[in-house]
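Colleague: As they're listed, the protein sequences go chains U and B.
Our numbering numbers the first residue of the first sequence as 1 and each following residue consecutively.
Our numbering numbers the first residue of the second sequence as 1001 and each following residue consecutively.
These are computed hints drawn from the structure, not numbers from a lab.
Each residue gets a CB set at the ideal place from its N, CA and C atoms; glycine is no exception.
Warning: the hint list may mix true and false statements.
Under 7 Å between C-beta atoms, here's a sample of chain U residues computed to sit facing chain B [as the list claims (entries may be wrong)]:
no. : residue
1   : THR17
2   : LEU23
3   : PRO27
4   : GLU41
5   : GLY45
6   : LEU48
7   : ALA468
8   : MET494
9   : LEU499
10  : VAL530
11  : TYR619
12  : SER629
13  : MET634
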Amino acid sequence: MRPKHRNLAGRLLTAATWILILLHVAPIAWMVYCGLKDNQEILAGKVLPGRRQNDVIFLKEMSDGFLAGTADGGITLFSKSGLRKERHLELGTFATSFLLDTGNAGSPAAEPVLWALSSNRGLQRVDAKSLSLQRTYGIEAIAGAYGSAWKTLWVNEVAGSSLSQSGGRLFLSFQFKDYPGVTEFDKATGSFSPLPGYSAKASGAVRLLTHLPGTAGTDSLAMLTGQGIFLRSLGTGNAGRDLRAGRIPSVPERLCALDARRLLLSMDSRACIYDLGSDSVVRWLDRPAGSGIITSFARSAGRIWLGDSRGVTALLDITGEAAAKASTADGLIAAGAAATVNDSIAATGAMAAKQDAAASADRIFLPEFPAPDQGNRDVTSLRVTSILPLAEGGALLGGPNGTLSLLNMEGKSVASALAPSPSLYIHWRNYVDLWRNIDFGLYLKNSFIVCLGVMVVAMVLASMGGYALARYEFPGKNLFGYSVLATQMVPGIMLLLPLYLMFINFSRATGLIVKGTYGGLILTYAAYFVPFSIWILRGFFATLPKELEEAALVDGCGPIQAFFRIIIPSALPGIIATGVYVFLSAWDELMFAWVLTDERTYTIPVGIRLFVGNFQNRYDLMMAAATVSTIPVMVLFFVMQKHIVSGLTAGAVKE
Amino acid sequence: MHLIEETDSSVAGPGPAAPPAVQRRSRFQRMVRSVRRNKVPYIFLLPTVIGMLLLQAAPILQGLYLGFLRSRKDRLLDYLSAPWAGFENYAQILFNPDSPIRSGLWDAVRNTALYTVAVTIGTLAVGTAAALMVNREFRFRAAARTLMLFPWIVPTYVVGLLWGFLWQREAGLVNIVLVDWLHLFAEKPTWLIGPNTLWAIIIPTIWRQWPFSMLMLLAGLQGISKDVYEAAEIDGANAWQAFRRITWPLLKPVWAILILHGLIFNVYSFNIVIMMFGNGAGFPGKHGDLLMTALFRNSFQMWDFGTGAAMSSLLMLAMMTLVFIWYRIFRDQLTGK
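Chain U on its own, in the form it takes in the complex:
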């Protein structure tokens, strides 16, 4: 026989077997894999893991270099000449925002501090000189400010975070549907408290927080949301103004304060300067035709910088405080338009020769970001995600995937760099969310309690019943055997309904709660699984030699004693195998648990069903939940594999 299997047909058959296995196991592998993926990647149909979306969102000039922060919590210090990497810190955070704290204007801090806010780690304090993490205030600490009104956030659902500061106070908010508003952080005491006067429920989740400067007590905070701009004074009283759509041309995507009165807004591909004093747009900022959606902006002395998918346009800021006060809005718009439309592009060439002219004209910078490497291939579209205007006229620009480009005052790229990035986009966030937000731990616990309970009850009853059927002849034996078989043919739904009503009526009559308790479900399951287990165990007992209990009886044991002392131990492998099978079947049961549990006793299938209804498209979470509910039974099965397989097949093949 043996050489036969070495021939071609045998090899082909073996290959076919492995291909079948591969196809067969692939869905499970995909399930586990997707539980570790990001939902955006899943929805986009991306199979291989990509890099994280680590746009450079934060750029600051330090005394010894440029500090760059990415959305995934990477902080890198680059040298000023040549953009060499000097230091790097990986926070491993999501939806991160940064704020460099150099102390108050009056009293500069001895050590500059970098604050990072993220959806998974909360607020973190980083020493900006040495790039070392000093302190973490977790999400729980932030939630503490709200007591029971708000508990936690979904790491995955947070679109962004924002930080702002005024004096010794830090303000933070998350762009998340349930986040209550703006939270204040006292740097001196390290305590969080809600900012009064602003509610996200009424005004929308905060996309961006901006501090509007002013003299002490008159400064205020601007919240940008999907509904408009909301201003709150930080002095006493928290007076505020709401600029909803209608007051402003349309709801902006970006916002920054030019000075105490003027806001720079961008909406889609347009940007304007809004004057809070006259409550109107004082200037539309025109860029060359073909410039796309504005992706970032910045301001420097005398210039406004608008970044888009092509490069950066640096416009002259001709609406200074004095000009804004002097003239009406209409006149300014006309003046602004006249000044910008002409020769805004032409300014790029021959800049060196005409520095003076260049200084008084709009300019365009076209960055040269380093080519994306292998892992970045899917995000090739260039866009400027952050701008740092430099004192000598040039700028440092940040782009997608940690790309940086340094341009001189003529708009020429002089250096470029790539911020380090974590390699794979596989993470445990989904599991964190499952435990933190869906109470999956409770479902898991309930499932274990119910299934173990059923297993124990069913095995005690079924080994007694199976033994009685295997060893004794008695009137009614056939009747019992047939009813056991008949119960397997009854649709579960038929008894579910009366059972449900019986439980409720029983509780009404006696005051003992059955529905929604572990006991009720365990008994129901046991009634369902015991007949079946008796049928299997009868086979096991029949294989045991009769001499076993005969010897025990001779030694003076009663039949019941003999059963517990002699029979049970010798049939234990079979009993355990059947018990594991009952456990697996009970773990798999949805319909009865659905009707007979309540929120304290939901088992895993009921919990999953509920949350699938609430999170229709969160495939990452669903697959994580699916993985969690599969792993216990997989482990149990493979530990007991030999027994279960032999037990089940023995019963089936014998019949």
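Fit chain B to the supplied structure of chain U, relying on the hints for placement.
Modeller: Coordinates of chain B only, in the frame set by chain U:
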């Protein structure tokens, strides 16, 4: 107490004829004596019997009775005192073509029939092929068998959840493989809406169930001694003849068991469909609705217990008929004649 003695006494026939007046008493006495003599098995079975009477027999009888009542949604808890309706519920289901229950029910009946047949055949076909593949000797055979068992351990609600995701039009792996990688279709097919729905529930069910068939059939195959095949080879039988004459007859009883298992398991299939189509409140559509999901909706979402119970009774009747037919067909294989 000796076991054999006990067996003898319990099967003893009725005693000699006695005068009528005493017979009543003596029959009762005989019962008491019988219970006393068979104390051990009765004690062992007592908790099970009580449990089955309370939690199986009582609800089943109530369910049968409910089918003849006109249930009232506002007084659910007094369900047993609802007005008597006779065969009204049955007539609604079987003979009233305008009944809203009926239109959905016939779709469910048709789908369930197709589903059960397709799944049972598919499961047996793949299971037999896989059992024959694994019954050979090759490297890592044990690992291959274990890997094949994987999907069988995945809970059915996870199967529904997982395949509901795999069938997604844009994000699903099935369309990624079939369209993006293999270019088998010009555009991505929709699986979870329309006529494809039935396939979308049949394939995952086969995927989950064939390992069980493989396991059973493999056990059957391994019970066949190698000597038998070697003897057949010496006698000049080719591979097909060996299969036809030796393997096939031995596999038939296992097939019979698997067909029964497939019948009961698939007609009463619930979890996969309910999880695949959203939160369970969602309707799988007329091409994907099965009897169990239709019944569940009818009872626990519309709270129409009367027709629900009537449908369940009919379903139970149908199942018993099918099992009877199954028994008639496979009686010879099962009893080894």
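Colleague: With reference to the structure, classify each hint as holding or not holding.
Modeller: Consistency of the hints with the structure:
| no. | hint | result |
| --- | --- | --- |
| 1 | THR17 | 4 Å, holds |
| 2 | LEU23 | 9 Å, violated |
| 3 | PRO27 | 6 Å, holds |
| 4 | GLU41 | 9 Å, violated |
| 5 | GLY45 | 6 Å, holds |
| 6 | LEU48 | 11 Å, violated |
| 7 | ALA468 | 4 Å, holds |
| 8 | MET494 | 4 Å, holds |
| 9 | LEU499 | 5 Å, holds |
| 10 | VAL530 | 5 Å, holds |
| 11 | TYR619 | 5 Å, holds |
| 12 | SER629 | 6 Å, holds |
| 13 | MET634 | 5 Å, holds |
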